[in-house]
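K.L.:
Quick note: the sequence shown uses the working numbering, first residue 1, plus one each step.
It is worth saying that the hints were derived from the structure and are not from the lab.
Please note that a few of the clues may not be correct.
Cβ pair distances, simulated, as ranges [unchecked claim]: (1) His-396 to Lys-160: 35 to 41 Å; (2) Pro-395 to Ile-46: 43 to 49 Å; (3) Asp-509 to Asn-682: 29 to 35 Å; (4) Ser-158 to Lys-248: 36 to 42 Å; (5) Asp-509 to Arg-250: 17 to 23 Å; (6) Gly-96 to Arg-250: 38 to 44 Å; (7) Arg-250 to Ser-698: 51 to 57 Å; (8) Lys-642 to His-396: 34 to 40 Å; (9) Met-604 to Asn-682: 36 to 42 Å; (10) Gly-271 to Ala-603: 47 to 53 Å.
Heads up, the beta-carbon is just placed ideally off N, CA and C, and yes, glycines get one too.
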Amino acid sequence: MKKMVLLTGLLTAHLTLFAEHRLAPADSNIVLKHYFASYTKKMNLIDTKLDLSFNWDSAFVYGKATLQLKPYFYATDSLVLNANSFKINKVTLLNGKSTDLKYSYDGSLLKIALDKIYSKNQVFNVYIEYTAMPYKAKLKNESIVATHGVYFTNHDPSNKDLPKQIWSQGETEGNSFWFPTINGPQTKMTQQITLTVDKQYTTLSNGLMISSKENANGTRTDVWKQDKPSSTYLTMIAVGDFKVVKDKWRNKEVSYYVNPKLEPFVKENFGQTPQMIDFFSKILKTDYPWDKYSQVVAYGYLGGAMENTSATLHGVEVMALNHDKNSLLQAESVVAHELFHQWFGDLVTCESWPNIPLNESFATYGAYLWLAHNHGREAADYDLLKGLSNYYNNPHFTDLTPIRFSLNDPDEMFDPVSYPKGGAILHMLRNYVGDEAFFESLHRYLEQNKFKTAEIHNLRLAFEEVTGEDLNWFFNQWFLQPGHPVLNVDYKYDETAKKLKVSIKQNQDLSKYPLYRLPIVLDIYTSGKIEQRSIELTNQSQSFVVNFPQKPDLVNINPDHLFVAKISDNKTPEQWVELFKRSALMNDKLTAIKNLSELKDNAMAQQFMLAQLNEKDWMVRSFVISALNKNSVNLIHDNLYKRLTEMAKTDEVGINKIIALVRINQLFPEQNNKALFTELANDKDEQVKTVAANLLKSLN
Numbered sequence: 001m002k003k004m005v006l007l008t009g010l011l012t013a014h015l016t017l018f019a020e021h022r023l024a025p026a027d028s029n030i031v032l033k034h035y036f037a038s039y040t041k042k043m044n045l046i047d048t049k050l051d052l053s054f055n056w057d058s059a060f061v062y063g064k065a066t067l068q069l070k071p072y073f074y075a076t077d078s079l080v081l082n083a084n085s086f087k088i089n090k091v092t093l094l095n096g097k098s099t100d101l102k103y104s105y106d107g108s109l110l111k112i113a114l115d116k117i118y119s120k121n122q123v124f125n126v127y128i129e130y131t132a133m134p135y136k137a138k139l140k141n142e143s144i145v146a147t148h149g150v151y152f153t154n155h156d157p158s159n160k161d162l163p164k165q166i167w168s169q170g171e172t173e174g175n176s177f178w179f180p181t182i183n184g185p186q187t188k189m190t191q192q193i194t195l196t197v198d199k200q201y202t203t204l205s206n207g208l209m210i211s212s213k214e215n216a217n218g219t220r221t222d223v224w225k226q227d228k229p230s231s232t233y234l235t236m237i238a239v240g241d242f243k244v245v246k247d248k249w250r251n252k253e254v255s256y257y258v259n260p261k262l263e264p265f266v267k268e269n270f271g272q273t274p275q276m277i278d279f280f281s282k283i284l285k286t287d288y289p290w291d292k293y294s295q296v297v298a299y300g301y302l303g304g305a306m307e308n309t310s311a312t313l314h315g316v317e318v319m320a321l322n323h324d325k326n327s328l329l330q331a332e333s334v335v336a337h338e339l340f341h342q343w344f345g346d347l348v349t350c351e352s353w354p355n356i357p358l359n360e361s362f363a364t365y366g367a368y369l370w371l372a373h374n375h376g377r378e379a380a381d382y383d384l385l386k387g388l389s390n391y392y393n394n395p396h397f398t399d400l401t402p403i404r405f406s407l408n409d410p411d412e413m414f415d416p417v418s419y420p421k422g423g424a425i426l427h428m429l430r431n432y433v434g435d436e437a438f439f440e441s442l443h444r445y446l447e448q449n450k451f452k453t454a455e456i457h458n459l460r461l462a463f464e465e466v467t468g469e470d471l472n473w474f475f476n477q478w479f480l481q482p483g484h485p486v487l488n489v490d491y492k493y494d495e496t497a498k499k500l501k502v503s504i505k506q507n508q509d510l511s512k513y514p515l516y517r518l519p520i521v522l523d524i525y526t527s528g529k530i531e532q533r534s535i536e537l538t539n540q541s542q543s544f545v546v547n548f549p550q551k552p553d554l555v556n557i558n559p560d561h562l563f564v565a566k567i568s569d570n571k572t573p574e575q576w577v578e579l580f581k582r583s584a585l586m587n588d589k590l591t592a593i594k595n596l597s598e599l600k601d602n603a604m605a606q607q608f609m610l611a612q613l614n615e616k617d618w619m620v621r622s623f624v625i626s627a628l629n630k631n632s633v634n635l636i637h638d639n640l641y642k643r644l645t646e647m648a649k650t651d652e653v654g655i656n657k658i659i660a661l662v663r664i665n666q667l668f669p670e671q672n673n674k675a676l677f678t679e680l681a682n683d684k685d686e687q688v689k690t691v692a693a694n695l696l697k698s699l700n
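Between the sequences and the hints, there should be enough to build the whole structure, so can you do that?
P.N.:
Below, the structure is given as structure tokens:
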């Protein structure tokens, strides 16, 4: 959809700022913030055909591209394509014959003069011969977001320990480093990619392989075709010595491309993919939309994983190679995250990079849904809470709006606001409207926008059409404004009147952040049971009176953590311990531990935390170690050091060994830790080994 069909609250703020700028005094220095708009659609890129071969030594791509296009609306006699670090050999028009076209090229934009003015109904085909030289491009930096677009591992002496592979990374705008195209998520096309490689190598691309032919010169030519439209950044290629392990979902191929030495780990890391596809297809009432689903493991990939249409690429670092519980859970979460993208991001794509939460927040929540289904809510909450801690612990992210247009670079959008906070917002929305309405709304959103792009208001409208309720208030305060509620809560019980009074004040800076409307659940604990009450906060300060027959043992606000917030209340240390013991929710246990860890010189709290380091649940142990700080250790100093040393050596989960090592280094610098760090620098877990070695080096 063309951007700005619907006037968002955020745009209104920009327009207001612009109006103030125009009316400001002559000496004013007010400046309109940069607005990162959706890219203007000047051309419809209908189809791309690529014929590619490669020079490993120079890391060159030799390409022949045939692009089918037509003007989007306005007639034009020119075409502008993104093409980074190319040598252009030929540009011709294919109209029954080959006609050379004039062009100019500045190293990033290929500007082509067409043979005439074309109207929006006239289709034309342009043929380009080129050499792509991605490693000669000047990059912003060496992160994955400043991509070469296509990577050749083991093409130079520094990479000789890596398997020989070629793989691509398109998001955000890397694919124009290896084929001429139109950058941005708004452009969708069908495609056919022909790859000629040495015959010992296996290839992978989007869609299905429609032919494969061995050539007399020792090469092989594979042709891959995808006849369903997909955004240009989701096009991919991979070439390497891959072992292909095949599975299936219904009648569609599900396959895993890995280096042969990784084959023993395939089932453990990827084996649940068909069950995931089935689960997501059922809850969304929209079957997996692509012709196949492949996953390929790449060496040297820095970005975790990438949801290319029908062919996800994983970095080898994401795989669990040690049978560790945490590593396996994280690998499973990544597989589910990337798979959910096949619906949210690939089938329906954000129309602009500022709308990236429509891709990434959903993928984050897709992983949550799968983990809750497969392992129970505790594992799902653990995974989401770890991500949210990255949001809460960095004040910079509080000032960022999930859907935000004030960007200098689209890569700025890939942060804890778009991922875990956005996933948590979707969890709030689900709990507000209910499961049936939530998944019916997702189904409507997918069906209305499939093979197209969408903005945040398309999602809102789908929910409003299903529920019949105006949800502007929810989308405005959570998706279109920054921050989160900062609540102070006080509980008082009147024995005579048999009434519980709950007083809540919103303490966030209202000059920067919104005043929230918050549907709130209260868990009221009495001996042997938990009763729930629902209230709704609409004012900055508000008190609620609840009839209740006896004084509660404790009251817990937002027990399911159904909204993102920082909450302070007047629980006693004993009540925090009670909450930890009686609540079945990982969220509540974490909140209790966090509050206990902040109590200074409290012997009961410190002894309780020490005891939880023996908790059989490894996720609880992980949160307890993470919460330890100087306030929470002074009265248990010797016993804590002993227990952390034991955990560093023997805990069954690698992440707990790592956190124990870090806490020992931070909290016990006076101890002689050299022998411990030396021992664990030879641990069988590679990550533990690396952390211990770095700590050992820091002692020297």
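K.L.:
Hint by hint, say whether it matches the structure.
P.N.:
Hints versus structure:
1. His-396 to Lys-160: 35 to 41 Å: holds, 40 Å
2. Pro-395 to Ile-46: 43 to 49 Å: holds, 46 Å
3. Asp-509 to Asn-682: 29 to 35 Å: violated, 50 Å
4. Ser-158 to Lys-248: 36 to 42 Å: Holds, since Ser-158 and Lys-248 (Cβ atoms, about 40 Å apart) stay within the stated range.
5. Asp-509 to Arg-250: 17 to 23 Å: violated, 53 Å
6. Gly-96 to Arg-250: 38 to 44 Å: holds, 43 Å
7. Arg-250 to Ser-698: 51 to 57 Å: Cβ of Arg-250 to Cβ of Ser-698: about 54 Å, so the range 51 to 57 Å holds.
8. Lys-642 to His-396: 34 to 40 Å: holds, 38 Å
9. Met-604 to Asn-682: 36 to 42 Å: With a Cβ separation near 39 Å, Met-604 and Asn-682 satisfy 36 to 42 Å, so the hint holds.
10. Gly-271 to Ala-603: 47 to 53 Å: Holds - the Cβ-Cβ distance for Gly-271 and Ala-603, about 48 Å, lies within 47 to 53 Å.
The structure fails to meet hints 3 and 5 from the earlier list, while all remaining hints are met.
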